[in-house]
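Visitor: Given next are the chains, with one letter for each unit.
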Amino acid sequence: MAEVWEASKMIELTIDGKKVTAKEGDTILKVARENNIYIPALCYLEGVSSFGGCRVCLVEIKGSPRVFASCVTPVAEGMEIITNSERLKRYRKWAVELLLSERPHVCSVCVANGSCELQQLATDLGVDHLRVEREWTNYELDLTHERFAYDPNRCILCTRCIRICDEIEGVHTIDLMLRGKNSKVIFDLNDKWGFAESCTSCGKCSAVCPVGALYVKGKPHSESKRKELASFVTSRRSEKTIG
Amino acid sequence: MKPDELRSLAQKEAEARKSYRYRINVCCSSGCMPFGALKVLSAFKDAVKEFGVEGECYVARTGCIGTCSIAPAVLIEPGDYLYQNVTPDRAKEIVKEHIVNGRPVKSMLYGNEAYFKKQLRIVLRNAGKIDPLRIEDYIAVGGYYALLKALTRMTPEGVIEEVALSGLKGRGGAGFLTGLKWRYVARATGSPKYVIANLDEGDPGVFANRTLAEADPHAIIEGMAIAAYAVGASKGYIYVRSEYPLAVETLKKAIEAARSMGLLGEKIFETAFSFDIELRLGAGAFVAGEETAILASIEGRRAMPRPRPPYPAQSGLWGKPTLINNVETLANIPVILLKGSEWFASIGAKNCTGTKCFSLTGKVNNPGLIEVPMGITLREVVFEIGGGVPPGRRFKAVQVGGPSGGFLPEQLLDLPIDYESLTKAGAIMGSGGIVVLDDTSCMVDTAKFFTEFCVDESCGKCVPCRVGLYKLYKILDGFTRGEGSLEDLQKVEELCEFIKEASLCGLGQTAPNPTLTTLRYFRDEYVAHILEKKCSAGKCFKNGGGVGGE
Amino acid sequence: MPDAGAQQAGLKADRRLMLLEAAIRKYQYRKDALLEVLHTAQELYGYLDRDLLIHISKLLRLPPSHVYGVATFYNLFKLKKPGTHVVTVCMGTACYVKGAEDLVLAVEREFNVKRGGTTADGKLSLFVTRCIGACAMAPNAIVDGETIGKATPEVVLKKIRAIMEAEKD
Numbered sequence: 001m002a003e004v005w006e007a008s009k010m011i012e013l014t015i016d017g018k019k020v021t022a023k024e025g026d027t028i029l030k031v032a033r034e035n036n037i038y039i040p041a042l043c044y045l046e047g048v049s050s051f052g053g054c055r056v057c058l059v060e061i062k063g064s065p066r067v068f069a070s071c072v073t074p075v076a077e078g079m080e081i082i083t084n085s086e087r088l089k090r091y092r093k094w095a096v097e098l099l100l101s102e103r104p105h106v107c108s109v110c111v112a113n114g115s116c117e118l119q120q121l122a123t124d125l126g127v128d129h130l131r132v133e134r135e136w137t138n139y140e141l142d143l144t145h146e147r148f149a150y151d152p153n154r155c156i157l158c159t160r161c162i163r164i165c166d167e168i169e170g171v172h173t174i175d176l177m178l179r180g181k182n183s184k185v186i187f188d189l190n191d192k193w194g195f196a197e198s199c200t201s202c203g204k205c206s207a208v209c210p211v212g213a214l215y216v217k218g219k220p221h222s223e224s225k226r227k228e229l230a231s232f233v234t235s236r237r238s239e240k241t242i243g
Numbered sequence: 001m002k003p004d005e006l007r008s009l010a011q012k013e014a015e016a017r018k019s020y021r022y023r024i025n026v027c028c029s030s031g032c033m034p035f036g037a038l039k040v041l042s043a044f045k046d047a048v049k050e051f052g053v054e055g056e057c058y059v060a061r062t063g064c065i066g067t068c069s070i071a072p073a074v075l076i077e078p079g080d081y082l083y084q085n086v087t088p089d090r091a092k093e094i095v096k097e098h099i100v101n102g103r104p105v106k107s108m109l110y111g112n113e114a115y116f117k118k119q120l121r122i123v124l125r126n127a128g129k130i131d132p133l134r135i136e137d138y139i140a141v142g143g144y145y146a147l148l149k150a151l152t153r154m155t156p157e158g159v160i161e162e163v164a165l166s167g168l169k170g171r172g173g174a175g176f177l178t179g180l181k182w183r184y185v186a187r188a189t190g191s192p193k194y195v196i197a198n199l200d201e202g203d204p205g206v207f208a209n210r211t212l213a214e215a216d217p218h219a220i221i222e223g224m225a226i227a228a229y230a231v232g233a234s235k236g237y238i239y240v241r242s243e244y245p246l247a248v249e250t251l252k253k254a255i256e257a258a259r260s261m262g263l264l265g266e267k268i269f270e271t272a273f274s275f276d277i278e279l280r281l282g283a284g285a286f287v288a289g290e291e292t293a294i295l296a297s298i299e300g301r302r303a304m305p306r307p308r309p310p311y312p313a314q315s316g317l318w319g320k321p322t323l324i325n326n327v328e329t330l331a332n333i334p335v336i337l338l339k340g341s342e343w344f345a346s347i348g349a350k351n352c353t354g355t356k357c358f359s360l361t362g363k364v365n366n367p368g369l370i371e372v373p374m375g376i377t378l379r380e381v382v383f384e385i386g387g388g389v390p391p392g393r394r395f396k397a398v399q400v401g402g403p404s405g406g407f408l409p410e411q412l413l414d415l416p417i418d419y420e421s422l423t424k425a426g427a428i429m430g431s432g433g434i435v436v437l438d439d440t441s442c443m444v445d446t447a448k449f450f451t452e453f454c455v456d457e458s459c460g461k462c463v464p465c466r467v468g469l470y471k472l473y474k475i476l477d478g479f480t481r482g483e484g485s486l487e488d489l490q491k492v493e494e495l496c497e498f499i500k501e502a503s504l505c506g507l508g509q510t511a512p513n514p515t516l517t518t519l520r521y522f523r524d525e526y527v528a529h530i531l532e533k534k535c536s537a538g539k540c541f542k543n544g545g546g547v548g549g550e
Numbered sequence: 001m002p003d004a005g006a007q008q009a010g011l012k013a014d015r016r017l018m019l020l021e022a023a024i025r026k027y028q029y030r031k032d033a034l035l036e037v038l039h040t041a042q043e044l045y046g047y048l049d050r051d052l053l054i055h056i057s058k059l060l061r062l063p064p065s066h067v068y069g070v071a072t073f074y075n076l077f078k079l080k081k082p083g084t085h086v087v088t089v090c091m092g093t094a095c096y097v098k099g100a101e102d103l104v105l106a107v108e109r110e111f112n113v114k115r116g117g118t119t120a121d122g123k124l125s126l127f128v129t130r131c132i133g134a135c136a137m138a139p140n141a142i143v144d145g146e147t148i149g150k151a152t153p154e155v156v157l158k159k160i161r162a163i164m165e166a167e168k169d
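Chains as they are written, first to last, in my numbering: chain A, 1 to 243; chain B, 1 to 550; chain C, 1 to 169.
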């Protein structure tokens, strides 16, 4: 238990010109949020491991020509971080546009309309048209589970559901199959959800889905979503202790 | 094995080699095998018996001689007489004339001296001259002496210093200083440490690593053992493409042979150093060659890269410090230790020492596996070694660096081959592919082909690579079918910038190179496609076509 | 003795299963040996069907979705039964530049099969692969394990017709 009490080394850095103090080893995104500096993010989910796939949370670090995903880049002493340059805005816009064009995202017929993180991001970034052709994928809608539904056509492959199922619920019912543009979120051996034996029907995956891919049947999406993951995780733990 | 045993075995083997007047090396690598090399090998063995010269003529099954266009190839020593397109019948005649009568059969010789003149073989020093399946052959030419020297007369830091001074850079493509990388792993805390030899040569059109493994597996094993000693590792993995069955088999046998001689295992050369190697097979994923993806693959997971830091040197395989080197890098190590860093640093260019192996393919008269000193110009490679494009055709472009390498036009042919110059011109060193294109190739179509390759091979983790590349492919595909406008060219450039800058790993970061370089050097072809619906090579605007895809 | 779970998974307790389980034991049921185990399984069975994947996931104590994810990530693993005869055309750079696409189109047309697929009668599968490394002899096609270098559509079609004919007899 000794290491728990070991004081972490504190370091200083600046984010958008603001001087901040941070714990060594923390990610740029975490430190920024603690200091009320908003960096948009999509695949990031507090409480589970970072993925670094959506590239929306990119930041610049002075002295490097590259851009960095802030959810996976640790802070360092003296770092000067820029979170909102024109270049970053351009890249974020591309990322969101590409996601919107990857599968048929039609907000008006989506359960997540109004509570969708991708939709919100598109609005924030001023995405008013798509520069690339849209793809009309035709994956089958999975309604076999009694409580939940899965529409792969709305999935953005952020893997939040996979990580929470594995790391918090601890069952790893969900994973990805194939690769590249053919990647798809699956249950067990690409089974229909209702027949996935390992699923505990805990509902965490649908609660954290940023879009309308995984959702609770017959309930407004806005109500079934839980953004306060920390409390969600704690309550689950206490449930376990009680049970 | 004791140090003395290595010396006496080497001596014995060298003497045995000397007792033969002739040595017939039959290339039995993947390049020659499909064309009957094994039949040629047994024909030579039969013929030698038939003519009663088995006492003075040794027939060896070897790895690649380097002249893949004349398969099956046979090299007779002394004198390095190279016979082309040998058949069992011809084998008999060669033995009769060359060995028995002492008259080389001129009509069957490969008379192309220019092919070899500008080459320099360090990595491929033994390729085609030793039997890869006989560890004794390797020991006879000085094999495992460098390991002996390192273990008995050098400190780990001394080995790293020697490698650092040689200026050797990683041959996998990125060109990071090998000595520096070793130092990072040596200094990292954590135990055990691992060494990984990367032989996941997934680039289409590149076969340099495979050839090395098939021709001289012990050079890789010895290099790995030295690296392990230097960084303090006790376990190594060779990650090899399963599409290379002969390389897999050769490495498997070589590891067993080294183990049975005590050159791998516990207390090597009676020192405190122990090291063993396990072979791991890839399964058809180009991205698995990426440093962090190779780790995921060896751990039995989907080969998806992860961001760095942490670098594998600090947190690699199972979170332990791990050294990942390309096999070509490792094969350089024994020579550097034996001949010294100064010697190595004197070869090649100033900031880019040593040699590089390339698979030279495409529309070139002499395709094959070559090894050239760094700093040689592309013109020398394409026109002197490669013999230029086929008669009646015009050179158009050369691609350096595999599927994500850029295309360079005629006016850049005097570019020296080194990491910096290539990167500046929009190409990359990559793992060593040089593909020559003539006027029958359309640059728009070619850019599309390579973009599609990267679409297929993208792991799908990050958005720029997964979605961006596919959209790029769709636009390029449109150009080849008469769709698109000049404004689209601007869009392509913007999209490429996003993919290049925002992708997570090297695959996405370099995948736009073919498109960007063709746009830079062959923009007129794009314009002709868009405005006039004209393809000078006659490839586009046909129905059908398009590789793979869903 | 085959593992008790094998029958549950619907696998026959035969020699192949014994060899597979021996290989898994050799790797001491290590989760990181998944790729090696899948390689062995495919060598023994020809392809990886559902029962096989379930059995492997149980023995290695890996979630089924993980096993399925890995098996589908890598191109080499086949989850469907391939045809009796297999034609693979190399689509590496050198082969593409020298007209490999024409080889694929010719086979597709003549035998009514799509790349990556198998004919309706299950007799012939057509695959494309990215570089077999015989670039100097491009374009290359592999018909039932035999490599044809500097291949032309005529030669490849002739070869396939010959093996299909031979089978009829």
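One or more hints might be untrue.
Calculated pairs, SDA-like style, for lysine to any residue (alpha carbon to alpha carbon, straight line, at most 25 Å) [what the hints assert, rightly or not]: (1) C:K80 to A:E34; (2) A:K225 to A:A207; (3) C:K78 to B:G538; (4) B:K252 to C:R25; (5) C:K150 to B:G538.
Think of the hints as simulated: they come from the structure by calculation, not from any bench.
Visitor: A separate judgement is required for each hint: does it hold in the structure or not?
Guide: Hint check:
no.	hint	verdict
1	C:K80 to A:E34	violated (50 Å)
2	A:K225 to A:A207	holds (4 Å)
3	C:K78 to B:G538	violated (37 Å)
4	B:K252 to C:R25	holds (20 Å)
5	C:K150 to B:G538	holds (22 Å)
The structure shown violates the earlier hints numbered 1 and 3.
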